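Asks: Top to bottom, those sequences are chains L and F.
Heads up: the first sequence begins at 1421 in our numbering, then just goes up one per residue.
Heads up: the second sequence begins at 23 in our numbering, then just goes up one per residue.
To be clear, the hints were calculated from the coordinates, so they are not data collected in a lab.
Do not rely on the hints blindly, as some may be mistaken.
If you want a taste of the chain F side facing chain L, the calculated C-beta under 8 Å gives, among others [as the list claims (entries may be wrong)]: (1) S36; (2) F39; (3) F74; (4) P82.
Pair ranges (Cβ atoms, derived) [claimed, not checked]: (5) K61/F - I1598/L: 19 to 25 Å; (6) L1582/L - L152/F: 54 to 60 Å; (7) Q1437/L - I149/F: 45 to 51 Å.
Just so we're clear, the structure is a prediction, and the values are computed from it rather than from any experiment.
Where a beta carbon is used, it is the ideal one built from N, C-alpha and C, also for glycine.
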Amino acid sequence: MGATLTYTEIELVQGLQARDEKIFSYLYDHYSPALYGVALKIVTDEASAGDVLQEVFIKIWRNIDRYDASKGRLFTWMLNIARNTAIDSLRSKAHKLDQKVQDVTSTSLMYEPQLAVHLPVDHLGLTKVIDGLPKDQRIIIDLAYFKGCTQEEIAKVLEIPLGTVKTRMRNAIIQLRILLKQL
Amino acid sequence: MDVQRYISSGILESYVFGLLPESEQGDVETAVMQYPQVKAAVQSLQLDKEKFVQLYACPPPAEIKDRLLDILRREGTQEGNALLPQELRVPDPVSNKRIRETPVKQLNGQKKPSTDRIWKYVAAAFIILLLGSVFMNFFLASRSTDYKSRYKSLIAAREKLEADKEAQSLTSAGAEQKEADMLKDPAFKQIKIEGAGEQLGHVVTVCWNPISHALFLMAQVMPVPPAGKTYQLWAIHNKKLLDAGVFEGGAQMTQKIQEMKPMEDAEGFAITLENKGGSNSPTMNQVIMAASISR
Chain L
1421 MGATLTYTEI ELVQGLQARD EKIFSYLYDH YSPALYGVAL KIVTDEASAG
1471 DVLQEVFIKI WRNIDRYDAS KGRLFTWMLN IARNTAIDSL RSKAHKLDQK
1521 VQDVTSTSLM YEPQLAVHLP VDHLGLTKVI DGLPKDQRII IDLAYFKGCT
1571 QEEIAKVLEI PLGTVKTRMR NAIIQLRILL KQL
Chain F
23 MDVQRYISSG ILESYVFGLL PESEQGDVET AVMQYPQVKA AVQSLQLDKE
73 KFVQLYACPP PAEIKDRLLD ILRREGTQEG NALLPQELRV PDPVSNKRIR
123 ETPVKQLNGQ KKPSTDRIWK YVAAAFIILL LGSVFMNFFL ASRSTDYKSR
173 YKSLIAAREK LEADKEAQSL TSAGAEQKEA DMLKDPAFKQ IKIEGAGEQL
223 GHVVTVCWNP ISHALFLMAQ VMPVPPAGKT YQLWAIHNKK LLDAGVFEGG
273 AQMTQKIQEM KPMEDAEGFA ITLENKGGSN SPTMNQVIMA ASISR
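Isolated chain L, as found in the complex:
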């Protein structure tokens, strides 16, 4: 990867809009591990995650005109595409709430990186953050972000009133922020 070559987000967006393959290549090299990591975390098998990643980059390439910088950074936009594509893929495989719940209730397995097929790049950091989160907070972040559960589903799984799901989410993210700052 060209370490000397860096682009600002604006340059990246303009390059993609201009159909510049070099820019695309740079974008792929810099962002594919993060997007692949999300896909892998969501769909949990490497073949599907690879398909998702491919689809994500084609969507980025084709829909770059729809990127709205006022709504967030390019990376946030790409992450949204990756997450939504992966969750769509997961749903098309007819994963039901039961399945998600089952995955989550075996939480110890889910969050232990050493049991994952691929070691994440930031192994230590992930362990620290995950270990630092109370179980309920891990579950709510996981269900919401990686499983795409609705508030109703989360209320059911955690056995809490629907009205408190958002505040629980806020508490979880506040804790997450503290842990991320310690890295």
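Given chain L's structure and the hints, the job is docking chain F onto it.
Replies: What follows is chain F alone, placed relative to chain L:
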């Protein structure tokens, strides 16, 4: 709006981490545009999310990049698009619509809607006819095979019946024939052996032909022998008993002619009760009936 309260309600965290339904997402986006504080909070949350997600980063398989670049190079060409899986051909609906639908619409124009419609009906009618015919074929075929198999089994049953009948008539004819021969042939001697004492009332008739040496027996009135026992016929010749074979008793045997061992010479016949299977030499204390041939 109480911005602080809004920020601390958890709705922004839920928005950034994908928990909000689409209907509520729009509300947050409006608030982001209206209130700089909300916008800052959302941006900061997005950074948190990016950092968090980066922890899961993992290098993808190398071949994906090559495949992607190949797809991009051929993009726009028909074959390039055709290479993609179905879900990837649609992500840009605007350009797709332009490429695909417009020419179709022009062809379909207003020129020949009536003929089109007629052809549609004709095609539909043919399809229905075809389906009906396929169904009838299937139905009739299954019925005809049913008839075939039933016909075959009937033929088989009849052949078996005929074979049975033939075999039966052959055997019975054979027996009748023997009986007739026996009665007709003047050389045959009939020796009636009648029981006395314990065997009183028991009758066995032996038919012997001194010329052909054929020997038959009819156990006309003989009980079924005790379990493990059997009757054995002996020819008396020169004061010795010669084995003439075993025979059965019982009601079923009264009319049956039982063929015994051929006998060259005999002055009389005796019957013993032997162990099942017969004996080589007679058990003398078991001689139950005897008769001599009247010359």
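Asks: With reference to the structure, classify each hint as holding or not holding.
Replies: Going down the list of hints, with the structure as the test:
no., hint, verdict
1, S36, "holds (5 Å)"
2, F39, "holds (5 Å)"
3, F74, "holds (6 Å)"
4, P82, "holds (4 Å)"
5, K61/F - I1598/L: 19 to 25 Å, "holds (23 Å)"
6, L1582/L - L152/F: 54 to 60 Å, "holds (56 Å)"
7, Q1437/L - I149/F: 45 to 51 Å, "holds (49 Å)"
Of the numbered hints given earlier, the model fails none.
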